[in-house]
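S.K.: Sequence:
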Amino acid sequence: MGDNLAELVLQSPYPKDDCAGHELWAVTGYISRTTILSALYQADFTPGRRSKEAGHWGEMSKFTPVSTTPKIHLLVGMARDGAVSITTHEILKGWVKASHGYLDIRYPDPRVSPLVHTKLYAWAQNGSFDIAYAGSANLSTDGLNIGRNASECQQENILVPVSVEYAENYIDTLFGASLSCTDPVVDSLFTFPEAPSDVLANKSLPPVPPLPEPETEREERLKDFSSIKLYLYSHAGKGSSYNCGSGINWGLRDVRANKDEAYFAVPANIGRSNFFPVKNTPIVVHCDDGEDLIMRVASGSDRCGKDMSTIPNSELGSYIRKRMGLNEGTKVGIRELLDYGRTYVTITRTSEGNYYLDFSPETAEPDEFALQTPEIVNEFFHEDD
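Counting the sequence shown from 1 gives a position; the numbering used here is that position plus 829.
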């Protein structure tokens, strides 16, 4: 049972016309926030299929339960050992408070409970437990192989049926020795890191050397990139700033509702690779300044897609411009990027299917290509004139 783990344990086993009172009880060591939302919205786990609710993912202020929405009880067993960052903790608290009682997220109480590394998933209806699975898969993107086919999995995991009675008793014991993430005492008992442990482990890694050119397209799809660069200007030809309506300046067309709508262009070799899950799969991206973004890659015919943006996509342009000290809706060109000190973002994939984005000028490498683009070279000619 290693291929369709997300569908196996996150989709309600009850018929849609008879699922009132259904609840998912989950115990996990580590989490991806988008996986919690996948269960809450009962997402279609077919790789590449876009959830109809995806446009509002992460905006729990807009969450309204429907007849098929399950209540979710979640214990994050390694919360005090790096599984939950301070940003994630604050977001989870907000989600719980805005969920109309449909989210219950808890951490083991360090005064009475050890760390919990168990992975257990059980479904109940009207208080009666009906099915349970246990094994090695965390409630994370890579743990449950979300957005990837079986041949593309990043982790080999298994979940097998277990005794419902045992699962219920075990859950009662663990949840009885836990604290809600919204409990004020949590902030005095826990010290949350700036980013999850898998992200922090990647922050100090040296740049990854370029991979050798694959011999076939199939080999290219199977190649793994632990980090990539996505440029905020066009590398086509001799290079140029994105026009209004493209890339970071996507929203600067009259037809766009928000001037900060933006996307990162994903090169074709990355789009065909295994770096991202298949297109339209939401992922959590942790940023070097402590911000978290929920993003996805979409559009195009390649496996992963060709455009990467936030959900909603206006958050990306707003975030980048804020980092650069620019007003909302300002056109971002090569000159602005050079003045800021970085012309690209570096994205690193972590062990649990989370991602780390670095847009700090302090870690940027010189961009000689940008300096040689016609618009920058012409600046010097104008100065001479």
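Check the hints yourself; a few may be wrong.
Claimed, not checked - Straight-line C-alpha distance at most 27 Å; calculated BS3-like pairs for lysine-lysine:
#1 K1135 <-> K1151
#2 K891 <-> K1058
#3 K922 <-> K900
#4 K922 <-> K1058
#5 K926 <-> K891
#6 K922 <-> K1067
#7 K845 <-> K900
#8 K1135 <-> K1067
#9 K1135 <-> K1160
#10 K900 <-> K926
#11 K891 <-> K922
#12 K891 <-> K845
#13 K1151 <-> K922
#14 K1058 <-> K1135
#15 K1058 <-> K900
Said to hold, decoys possible - What follows is a list of derived Cβ distance ranges for each label pair:
#16 S1009 <-> G1154: 45 to 55 Å
#17 A1086 <-> N833: 32 to 42 Å
#18 S1189 <-> I915: 10 to 20 Å
#19 N1087 <-> V941: 41 to 51 Å
#20 E994 <-> D1118: 44 to 54 Å
#21 S890 <-> P939: 25 to 35 Å
#22 K926 <-> E1194: 37 to 47 Å
#23 L1167 <-> P990: 56 to 66 Å
#24 K1058 <-> P939: 18 to 28 Å
#25 N955 <-> E1194: 53 to 63 Å
If you are wondering where the hints come from, they were derived from the structure by calculation, not from laboratory data.
Built from N, CA and C at the ideal position, the CB exists for glycine as well.
S.K.: Against each hint, give a clear statement of whether it holds in the structure.
M.R.: For each hint, the structure was consulted:
no.: 1; hint: K1135 <-> K1151; result: holds, 24 Å
no.: 2; hint: K891 <-> K1058; result: violated, 33 Å
no.: 3; hint: K922 <-> K900; result: holds, 16 Å
no.: 4; hint: K922 <-> K1058; result: violated, 33 Å
no.: 5; hint: K926 <-> K891; result: holds, 12 Å
no.: 6; hint: K922 <-> K1067; result: violated, 48 Å
no.: 7; hint: K845 <-> K900; result: holds, 14 Å
no.: 8; hint: K1135 <-> K1067; result: holds, 21 Å
no.: 9; hint: K1135 <-> K1160; result: holds, 22 Å
no.: 10; hint: K900 <-> K926; result: holds, 14 Å
no.: 11; hint: K891 <-> K922; result: holds, 16 Å
no.: 12; hint: K891 <-> K845; result: holds, 22 Å
no.: 13; hint: K1151 <-> K922; result: holds, 25 Å
no.: 14; hint: K1058 <-> K1135; result: holds, 14 Å
no.: 15; hint: K1058 <-> K900; result: violated, 39 Å
no.: 16; hint: S1009 <-> G1154: 45 to 55 Å; result: violated, 39 Å
no.: 17; hint: A1086 <-> N833: 32 to 42 Å; result: holds, 37 Å
no.: 18; hint: S1189 <-> I915: 10 to 20 Å; result: holds, 19 Å
no.: 19; hint: N1087 <-> V941: 41 to 51 Å; result: holds, 48 Å
no.: 20; hint: E994 <-> D1118: 44 to 54 Å; result: holds, 48 Å
no.: 21; hint: S890 <-> P939: 25 to 35 Å; result: holds, 31 Å
no.: 22; hint: K926 <-> E1194: 37 to 47 Å; result: holds, 42 Å
no.: 23; hint: L1167 <-> P990: 56 to 66 Å; result: holds, 58 Å
no.: 24; hint: K1058 <-> P939: 18 to 28 Å; result: violated, 40 Å
no.: 25; hint: N955 <-> E1194: 53 to 63 Å; result: holds, 58 Å
Violated hints, in rising order: 2, 4, 6, 15, 16 and 24; the structure is consistent with all others.
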